[in-house]
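Student: Assembling the complex is the task here: the two chains are given apart, and the hints tell you how they should meet.
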Amino acid sequence: MITVKDITCRLGSFHLQPTSLELHEGDYWILLGPTGSGKSVLLSIIAGLIRPDSGRVLKEGADITHVVPERRGFSMMVQDFALFPNMSVFENIAFPLRVRHQPKKEVQKRVEAMAAQMGIKYLLQRSLRGLSGGEKQRIALARALVVKPDLLLLDEPLSALDQMTKRELIEELRGIHREYGIPVLHVTHDFEEGISLGNRMAVIHQGEIVQRGTPEELSQHPRSPLVAAFIGMKNIFKGTIEFRENTPHFVKGEVCFELPTGRPGEGTVAIPSEDIVLSKAPVESSARNILTGEVREIRPRPPLTDVLLDVKSLPFTATVTSKTVKKMGIQPGMHLFATFKVASVKVF
Amino acid sequence: MKTIFEKVFIFLGGLLILFLVIPLVKMVFSLDFGIARKVIADAEVLQSIILTLQSALWATVIGIVTGVPLGYLLAKKRFPLKSIVQAAVDLPVVVPHTAAGIALLMVFGRHFFGGKIFSVFDISFVGTKAGIVIAMTFVSAPFLINAARDAFASVPTRIEEVARTLGATPFQVFYRISLPVALRGILSGALLMWARGISEFGAIIILAYHPMVTPVLIFERFEAYGLRFAYPVAALLVLICLVLFSLFRFLASKREKDK
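Here the protein sequences come in this chain order: A and B. According to our numbering, the residues represented by the first sequence are 1 to 348, in order. According to our numbering, the residues represented by the second sequence are 1001 to 1259, in order.
Just chain B, with the same shape it has in the complex (with noise of 0.2 Å):
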């Protein structure tokens, strides 16, 4: 029996739920399988789309090599000013996006610091896929960065320090004991972080307006051609993510159950 404090949180929780189901819903189901394949047949559409993938996943690949690190000294040790580095972890979350973008073009554009120390390797980030990629690791790494720290944290101390006295180097300990059993918060961070550089926007167009990642083919259709023309990219995209992330979800559910 469930009582009346229960139902109206039922209600107002599925509300929302709906609010957030439906206009996806609707928008991948509006599509038809012939405008599904003119799109996939549109070589532009799907050069974006692996554009996308594929920038979020360098990414990700680079926020993982450093993220991991920082959120286990987040975690672990304690260190001066370490309230400060965990504001500034937060910081591209809360800044405007497209703010974020301008900020990254004042560094690593090419009359800029970064931008020359880079160019000494060919490597310019206006324009490039390079530029998408550092917009995406900027905007995204916080999630990666927090979902490891959070993970190394649910690792008791009490366990590393019982290794230690067991034989183990600092590393030994990481690499045996830690990176293991915080690896699955490790990875959904991941899968996170790769995620939101997928539907990265804001910052990616102030770097690199061209080439066109998929959200900015969407903006564009949208405002050149108009809504019949931009929805197809969009469900087709969230269609692709879906799929996706579900079929890690499984991956990670069933390597859980294996063990």
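Only chain A is shown next, with the shape it has when bound in the complex (with noise of 0.2 Å):
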């Protein structure tokens, strides 16, 4: 377990204020703010490349704070991936065990499986030039697991990835994690990257954590706007997807509905607020999924209104414009008909 415990830094007129973290075997921290909001530096401060000006960084209870990068044992990868250009890919991968001066044989054996495991074999004594985005972060990537950290540091690593690319490489990472367990801290500004990957999710702005939690509570109570707005993006659930007539439904309690791809097994899914119409009847359309639910609330945020509906104790956040509220006269305890194509639903 990795602890962070009342960290604070200034750095020029930058201002991390006290903050607190804690990784666990099996975490996956997504770290989620814009440009300038001390995300990284406090990857950093946990790296060990900036020093705190107070608080405590403690690895299994042993306080590390000064203790310097090489002696951390945490690997980090960036969006640049950082490879080092003087080396061909096999050296670069070999470059953690070369400096822990491993014997040769062993350098080899470990940088061959690393790479096959990577899907890279193919690549090791090539050089640098020519690589794709996609197989330069494979390579970065293999580097830095090659040691068996015992913390994985992601600085937007997918930042600068198509959008293929990226959903390949989320795969990889979802994979790495479940078959290694190391705890990671995953930096980034895109709260899609950060929903496929995370189970521990915290916002950052202006050097200060305003909330923590699973995506799914961070989306479902946003305590502040800024949070809302950050993620922009409600009814996120998570939940089983499982196969019903040959296709695939998301499920959980009484709620059902149907789903435009999936696996089976555990899920999250997302629907778009704006996607989800409202009536008092149903409606007969294209629409597959139909639900029914009782308003809970009104929130104006003029000129559009986010009705929240209790469906079935789920609780789904439908956006409509404040005239159709007028219109319909929807009050608090009202029962609605929700309905959403399936198109809509969004399968991390």
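Just so you know, the hints here were simulated from the structure itself, not pulled from any lab data. The C-beta atom is built at its ideal place from N, Cα and C for all residues, glycine as well. Treat each hint with caution, since some may be false.
[Stated by the list, open to error] To spell it out: a stretch of chain A is covered by chain B in this simulated footprint if at least three of its residues, at any positions, have a beta carbon under 8 Å from a beta carbon of chain B; those stretches are:
1. 37 to 50
2. 94 to 100
3. 221 to 230
Tutor: If you want it as structure tokens, here you go:
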């Protein structure tokens, strides 16, 4: 377990407020925040690259606040890959072993095994020239993991990649996290990336963690408009994906609706609140998901209004115009139908 | 189709290139085989050329040993009075070289403290090869320091930080990553420093008129015997320099291609 306790740091005009964080085995923490929010500073402090003004960093209870980065056993991977341009692919991955003076045979064996696992064995003898972004990031990941670190620090690791490569690497990171169980601290400004990977999430703004919890909790109960705006997505649910009549369905408690894609097992889905149509009677349309719920709350944010529905105790939010609310006479306690297309459901 | 704008620039730039190249080419080509042979056979000329190349090489070695660490610090570290240190590095480039020679003499002359310290080791800087070396080092070190600084600055700090988290000590990061990546820039700076050392005249004549480096020899022959006796020596030195530098450039580019 790695613990960050009341860390503060002043860098020029930036000020990191007292920050604490606990990283347990199996945790995949997403540190979400806009540019300049201090998320990378926090990461650098944990890595040992920046010394905090006060507070402590603990590893398995031992104080490592003043331990140099190379003795911490935390591998870092960054947005622009940071591959060593003077080395081949093999030498890049071998670097952490070489600086630890591992015997040659051992280096050869472990680099090859790691490269095979990442699917880049065919690249080993190449120089870095002409490699794609995805290949470079796989090399960086292999290099970070070859020594089996106690913590993986990821600083915007997917921001420089195209959408397709990004999806592939998300799968890769998930697999690695499942297999190794190493705690991960992943810094990003991309909520979708965060929700695809993280099981813990903290939103950081102006040097302060403003809220933390599971991605689901954050989306359902954003403690401030800022968190809500940054997450930018409502109706995020974690539940089970099952196949019914050969189509994937999301199931949580009594609620069940159809999904466009999905693999059986645990899954997270999101329905953009703008895509939910409210009506007093069931509407006949191409939309296949129709749920019923009771209006709990009406939150105006002109010119729109968020209508919070209780669908068999699952909280749904539908965003409609304020005019609609008036015209339909929507009030708390009212029963409404919520309709949305299968295609508008996002599956993570 | 070239625009008028481009044509004007090509004309102006071309004018300068011609001005730079024509005198040297004319001098080298005036050197016919007979004269060249006589000059090479002249022991004084040959000795001075060897002395010049050697002294400049020693100056460059001193420059590498001390200038590479300085360049690294300037590129990568923050420290008090850094801008003043940077200005001091550039100082030798802007002071007249004879003035630099006088200044050196006032530290390393026999009766001054630097001279006294080194006299303990039986090293004197006046009228000696050691004097030539320190004069060359003084005026040419900035070229190497600045080249090393720029080369280290071009190595992203992020890469060095990632290497630290992967288990490398600061020294391992330096010799496994920063230095290899910056090496090309440093070598080209060293070459420049060597060339600048070979061409030094002003600071050397103050400290060590004798033993005679080639630029001093050229000056002396011109003063004593005139152009006809001075230009073959000058042409020979220019020729040797051109051959050496072309060779280094060629090797450097070949090494880069081999990678």
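Student: So which hints don't hold here, by number, going up?
Tutor: Those not satisfied come down to hint 3.
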